[in-house]
Amino acid sequence: MIWGVLQFPGSCDERDALHACEVHGDGARLVWHESRDLGGVDGVVVPGGFSYGDYLRAGAIARFSPAMEAVAEAAADGAPVLGICNGFQVLCEAGLLPGALLRNVELRFRCHQVDLIDERGGELLSIPAKHGEGRYYAPEAMLDELEANGQIAYRYAEGHNSNGSVRDVAGVTNERGNVLGLMPHPEHAVDPLTGSTDGLRVFDRVTQVAA
Amino acid sequence: MLIRPKEGILDPQGKAVERALPALGFEGIEHVHVGRMVELEAEDPERLGELCEKLLANPLIEDYEIQAL
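So the sequence lines, in the order shown, correspond to chains P and V.
Basically the working numbering = 1-based index in the first sequence + 287.
Basically the working numbering = 1-based index in the second sequence + 685.
Because the hints were derived from the structure by calculation, they are not lab data.
Please note that the accuracy of each hint is not assured.
For each label pair, taking beta carbons as the anchor points, the in silico distance ranges come out as [what the hints assert, rightly or not]:
1. V:K700 with P:Y342: 21 to 31 Å
2. V:E735 with P:P479: 45 to 55 Å
3. P:F351 with V:A701: 40 to 50 Å
4. P:E462 with V:E738: 15 to 25 Å
5. V:E692 with P:L394: 15 to 25 Å
6. P:G382 with V:L709: 36 to 46 Å
7. V:R689 with P:Y342: 11 to 21 Å
8. V:K700 with P:A435: 26 to 36 Å
9. P:E309 with V:G693: 37 to 47 Å
10. V:A727 with P:W319: 29 to 39 Å
11. V:E724 with P:E309: 28 to 38 Å
12. P:E427 with V:G699: 18 to 28 Å
The beta carbon of each residue, even a glycine, is placed where N, CA and C say it ideally should be.
Construct the entire structure; sequences and hints are all you get.
The following block contains the structure:
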């Protein structure tokens, strides 16, 4: 499993994503946003950071890059696509995932470890969150549909929703399940050095579904 | 173009501004919403709606209004 990790002007978590992909898979390479060709990778990570300075709306500009056209094709082909934080925002803006991310309800950037519930079986994951615009929103009817389809991938555990996301949604998938987006950062939780290796379970999840 | 948060979606920025007003001596102001303003010159105004829908606003969470200056 060779991963491609996108890189936009203003991305900052692509290096840790690269490392996480190398720990989890067989290798990874950076894909510059201007490249229309993903270089034959098996899966894609759209990383965290501040692409285009979050100008206009977070992810609003990055979604129009040539690399994202290639990602849309890969997603339609069933390849695993993992959007982390800003990557989640980009995927929502691109319409590859449902919903939108808004400014944290308390208007503060929060950087802290959070507990996530994997909605498939209730497994608890400890993953760092660091974002200022992570409040997940979708209209009620859409949320009901997502829940019915099993597209709510992760929820914040009780007391861990610091951004005000509706129904405590921390991450969602597309209908098919091969595209996964979440606000917390699994790439920062792949080494005992940082206190949790639960991030690897997120990589497991997106590769398992697509297989 | 004026871009506003959609009605019904919590606007904490608007609320924060609203709550700060009495302390500054402003009474009787409510329903404060904070949005975005984009100014531009366009040779062909026909596609501005499309521009708003695709880039300047996110139709899921924002409404927009185009004004000619």
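Honestly, do K700 of chain V and A435 of chain P meet the 26 to 36 Å range at C-beta? holds (32 Å)
Between E724 of chain V and E309 of chain P, is the Cβ distance one that fits in 28 to 38 Å? violated (46 Å)
Please check whether K700 of chain V and Y342 of chain P have a Cβ separation lying inside 21 to 31 Å. holds (24 Å)
15 to 25 Å was suggested as the range; check whether the CB atoms of E462 of chain P and E738 of chain V agree with it. Check passed, 23 Å falls within 15 to 25 Å.
Does the Cβ-Cβ separation between G382 of chain P and L709 of chain V fall within 36 to 46 Å? Roughly 41 Å apart at Cβ, these two residues keep to the hinted range, so it holds.
Can you tell me whether the CB distance of A727 of chain V to W319 of chain P sits inside 29 to 39 Å? 31 Å Cβ-Cβ, so the 29 to 39 Å window holds.
Is it true that R689 of chain V and Y342 of chain P lie within 11 to 21 Å of each other by Cβ? holds (18 Å)
Lying within 45 to 55 Å: is that true of the beta-carbon distance E735 of chain V to P479 of chain P? holds (51 Å)
Does the Cβ distance between F351 of chain P and A701 of chain V fall inside 40 to 50 Å? Since the Cβ atoms of F351 of chain P and A701 of chain V sit about 31 Å apart, the hinted range of 40 to 50 Å is violated.
Falls inside 18 to 28 Å, the C-beta gap from E427 of chain P to G699 of chain V? Holds, at about 21 Å.
Can you let me know if the beta-carbon spacing of E309 of chain P and G693 of chain V is within 37 to 47 Å? For G693 of chain V against E309 of chain P, whose Cβ atoms are near 44 Å apart, the range 37 to 47 Å holds.
May I ask you to test the hint 15 to 25 Å on the CB atoms belonging to E692 of chain V and L394 of chain P? holds (20 Å)
When held up to the earlier numbered hints, the structure conflicts with 3 and 11 and fits the remainder.
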